[in-house]
Amino acid sequence: MSVILDNLPALLIAVPLFGAFLTPLFGRFLPKVRTPWAIFAVLASAAVAITTAIRVLISGPIVYVFGAGASAPAVLDSAGIPIRIIFTIDAFGAFMLLSAAIVSVAVMLYLAASQKRRSGKSAFYTLYLLLTAGIFGMVSTGDLFNFFVFLEINSLAAAALVSYHRKGGIAVEGAIKYAVVNTIGGLMVLAGIGLLYSQYDTLNMALIASQIAPNPVTITALVLFLAALAMKAGSVPFHFATPDAYSVAPSGVTALMIVASQAGLYGIFRILFTVYNGVFNTVTVGWVVIILGVLSMVIGVTMALPQKDVKRLLAYHAVSQTGYMLLGVGVALCVLHDAAALSAYGTTAMEGGLFHIFNHAMYKGLLFLAVGAVIYRTGVWSINKMGGLGHNMKWTMIFFLIGALAIAGIPPFNGFASKLMIYESTFAFNPVLAIIAMVVSILTLASFMKVFHSLFLGPKQPEYAEVKEAPKPMIAGMIILTVFVVVLGIFPDLFVNAVISPAADALLNSGTYLSAVLGGGL
Amino acid sequence: MMAIPLIAVAILIGIAFAILLIKRNMIKMVMALGILEGAVNLFLVSLGYREGGVAPIFVSAPDTAMVLPTVQALTLTNIVIGVATTAMILAFIMVIWKKYGTVNADKMRRLKK
Amino acid sequence: MIGLLSTGYGFWNPIVWLVVIAAALIVSFIILKAGRKDYSKDTEQVKPYLSGNDEPSASDTHVRGGNLYYGFTRALKGYYDKLIPLHTGILNDYIAWFLIGLVIIFVVVILI
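Chains as they are written, first to last, in our numbering: chain A, 52 to 573; chain B, 53 to 165; chain C, 4 to 115.
What the hints contain is simulated information worked out from the structure, not anything from laboratory work. Heads up, a few of these hints could be off.
What the hints assert, rightly or not - Here are a few chain C residues that face chain A, going by a calculated C-beta distance under 10 Å:
1. Leu8
2. Leu28
3. Ala61
4. Thr64
As the list claims (entries may be wrong) - Here are the computed lysine-lysine pairs in the DSSO-like style, where the Cα-Cα straight-line distance is at most 27 Å:
5. C:Lys44 <-> A:Lys511
6. B:Lys75 <-> C:Lys85
7. C:Lys36 <-> A:Lys436
8. B:Lys164 <-> A:Lys519
9. B:Lys159 <-> B:Lys80
10. A:Lys362 <-> B:Lys150
11. A:Lys167 <-> A:Lys436
12. C:Lys50 <-> A:Lys519
As the list claims (entries may be wrong) - Short derived list, chain A residues pointing at chain C, Cβ under 7 Å:
13. Pro462
14. Ala468
15. Pro482
16. Ala485
17. Lys511
Beta carbons: idealized from backbone N, C-alpha and C, even for Gly.
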């Protein structure tokens with residue numbers, strides 16, 4: 052038992068990869084146990100991730116050195132050269148692990164039903180587990196190059212999954228755009244890593260952070276990281292491929308891709324707050340992040356309003372919600388060196404932005420699953436052709452309504468709690484930003500009234516008379532996410548105190564991260 | 053002499069992005085991605101180059117002072133990733149060619165608005 | 004107190020909110036119960052009265068999603084006419100936007 056607990060960070064990658072590459076074997080020789088095996092593998096990797104996260108939240112950051120004993124120094128190898136491969140999981144990484152684990156389990160249950168009558172299940176589940184491994188790796192690595200490798204695993208697996216279904220090549224069109232754009236982003240990240248390596252001769256995040264100084268090279272690297280990872284996260288003006296990919300991907304996969312793109316946000320925040328630990332001009336970069344956020348919010352929601360394809364509409368809302376996270380964290384970045392403002396509202400803004408990441412993963416996942424269930428039963432994407440489905444799909448309707456109210460920030464669901472934290476703290480920073488955020492929230496509500504009305508309300512339509520309720524595994528997946536949407540809405544303080552505050556602290560005080568890795572100096 | 057590889061990197065990145073912006077043929081865009089990847093690889097390798105350095109092969113090194121081959125390892129990894137990416141995008145282009153009858157990015161826009 | 008989320012300037016307590024909503028629901032249930040007793044389902048009563056005309060079919064009476072918010076997009080026509088054509092769907096333009104964003108961020112961060 053203690054062997055497992057001591058090696059949790061390695062299992063975090065090993066379990067999903069092992070599950071992934073055994074799936075085709077099962078598919079070849081024992082097709083009956085393939086889906087149960089995939090479910091088991093996802094459950095096992097989620098269990099590892101949640102256990103790791105809980106251990107981190109209870110006993111502080113975990114530093115895991117691959118190929119070395121527990122007492123070996125984390126940075127230098129036996130010859131005194133800083134080439135260790137390490138995983139560093141602090142409270143922020145633990146928080147991302149939690150959200151990825153929960154969504155991956157819910158989506159896997161959903162996929163077990165939605166893929167039942169599809170072909171090519173072996174490769175599908177393999178790619179799904181690879182995507183999970185990519186997300187887990189991105190949020191737990193302590194090494195910039197490993198971050199790039201996991202980013203590429205994440206992008207490749209996601210692009211392959213996007214292309215999986217939808218006849219007529221339209222899914223492949225979305226996938227090719229996503230793949231090309233993310234490849235360029237990945238190469239820009241690698242160029243940034245090269246620039247940092249040229250200055251500090253190391254790839255270890257903590258070791259770079261302990262020496263970093265602002266100069267043209269490091270600032271260029273910062274800009275490359277910021278733009279490329281903002282593209283992964285789907286922020287305006289780098290968002291164009293995001294709705295293309297989300298709208299054609301299998302619905303369950305889109306729900307996990309939300310988390311995959313949030314791993315890009317993790318990268319931005321980790322690099323800004325930990326690797327650069329505030330040595331640059333935080334006010335300028337903070338405002339850049341805020342403006343990216345405001346643009347994402349406004350353009351995302353206004354593009355969502357006239358959409359006819361229901362999944363494309365949801366995808367634009369994903370862009371819009373990403374803006375809230377960037378806004379909250381950008382405000383915190385702006386006041387990073389102003390201790391009074393930081394304690395007055397900066398920390399709350401940070402907590403609001405991070406809380407919104409978790410909430411968005413839950414309710415947007417729920418919305419995509421509910422809409423996916425409707426599409427699964429009707430085979431129709433256009434909201435102009437749907438109507439009256441509430442008569443046939445009562446549970447799906449209830450889950451969709453809960454998700455829609457949560458994304459619009461209606462109490463008592465979780466979206467309201469995080470949005471309130473963002474509104475109040477940004478109002479203290481700059482009232483205009485808070486007003487924009489509220490207007491965007493109102494437009495979100497308006498847009499979801501439209502979707503809810505045109506999907507579920509109205510008289511029973513003759514063409515959908517035979518439509519049945521979604522299969523039970525899909526409902527089970529939705530229930531998991533609904534529980535989090537409702538419980539986090541009713542008890543936001545418990546979650547904020549237990550998970551969000553430590554995560555925000557971990558970002559704001561990079562010293563904890565550095566001392567966990569470097570110990571008492573090199 | 054350190055500047056020559058960096059100038060080459062800048063030129064290659066410029067060529068790659070010029071093709072990515074101007075050429076509408078998807079195959080040519082994949083080639084441009086290859087050039088971009090090559091540029092980044094060249095950049096990484098040129099960072100690790102040491103004038104008069106000794107290759108880190110223990111049996112043939114005169115003493116223990118050798119070049120640390122980190123960036124070479126990064127470059128190898130990136131080449132492998134690049135192969136995977138290129139193969140996947142080319143496979144996508146084949147499907148697009150079958151379904152749309154074109155490999156032109158201009159015509160590949162059923163997903164818009 | 005459980006459920007009390009302090010935001011630095013104010014607080015939010017979903018439990019109190021739920022109690023208020025529950026009270027409102029009880030009041031509306033009482034009002035509902037005080038209504039007419041002679042309503043019965045599955046009779047002629049539930050059919051809409053349209054001056055003796057036949058009830059139109061279900062697909063004709065449902066307002067389709069695309070028709071909602073016509074007024075909103077119409078009022079912001081100038082904005083949408085500029086915004087929607089930017090989403091061309093051409094991959095080269097996506098890359099161009101990435102470069103434009105990258106250069107703008109670069110100039111802003113270096114100069115200011």
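Cross-check of the supplied hints:
1. Against a cut-off of 10 Å between C-beta atoms, the interface hint on Leu8 of chain C holds, since the closest Cβ of chain A lies about 5 Å away.
2. Annotation: interface hint on Leu28 of chain C violated; nearest CB of chain A at approximately 13 Å, more than 10 Å.
3. For Ala61 of chain C, the suggested interface contact is upheld, since its CB lies about 4 Å from the closest CB of chain A, less than 10 Å.
4. Given the 10 Å rule on beta carbons, the hint for Thr64 of chain C holds: about 6 Å separates it from the nearest Cβ of chain A.
5. Between Lys44 of chain C and Lys511 of chain A the alpha-carbon distance is near 17 Å, which keeps this suggested pair within the 27 Å criterion.
6. Proposed proximity of Lys75 of chain B and Lys85 of chain C is supported: the alpha carbons are some 25 Å apart, at most 27 Å.
7. Among the hinted pairs, Lys36 of chain C with Lys436 of chain A is inconsistent with the structure: their alpha-carbon atoms are about 37 Å apart, more than 27 Å.
8. Note on Lys164 of chain B and Lys519 of chain A: the hinted pairing is violated, with a Cα-Cα distance of about 32 Å set against a maximum of 27 Å.
9. Proposed proximity of Lys159 of chain B and Lys80 of chain B is supported: the alpha carbons are some 15 Å apart, at most 27 Å.
10. Under the criterion of a C-alpha separation no larger than 27 Å, the hint pairing Lys362 of chain A with Lys150 of chain B is consistent with the structure, at around 25 Å.
11. At most 27 Å may separate the alpha-carbon atoms for a hinted pair to count; Lys167 of chain A and Lys436 of chain A meet this at roughly 26 Å.
12. This hinted pair checks out: Lys50 of chain C and Lys519 of chain A have alpha carbons roughly 26 Å apart, not beyond 27 Å.
13. Contact between Pro462 of chain A and chain C, as hinted, is supported at the beta carbon level, the nearest pair being about 5 Å apart and thus within 7 Å.
14. Residue-level restraint check for Ala468 of chain A holds (minimum Cβ-Cβ distance to chain C is 6 Å; threshold 7 Å).
15. About 12 Å separates the beta-carbon of Pro482 of chain A from the nearest beta-carbon of chain C, more than 7 Å, and the hint is not met.
16. Checking Ala485 of chain A against chain C by beta carbon gives a least distance of about 11 Å; that is not within 7 Å, so the hint is violated.
17. Taken as an interface hint, Lys511 of chain A checks out: its beta carbon lies about 6 Å from the nearest beta carbon of chain C, inside 7 Å.
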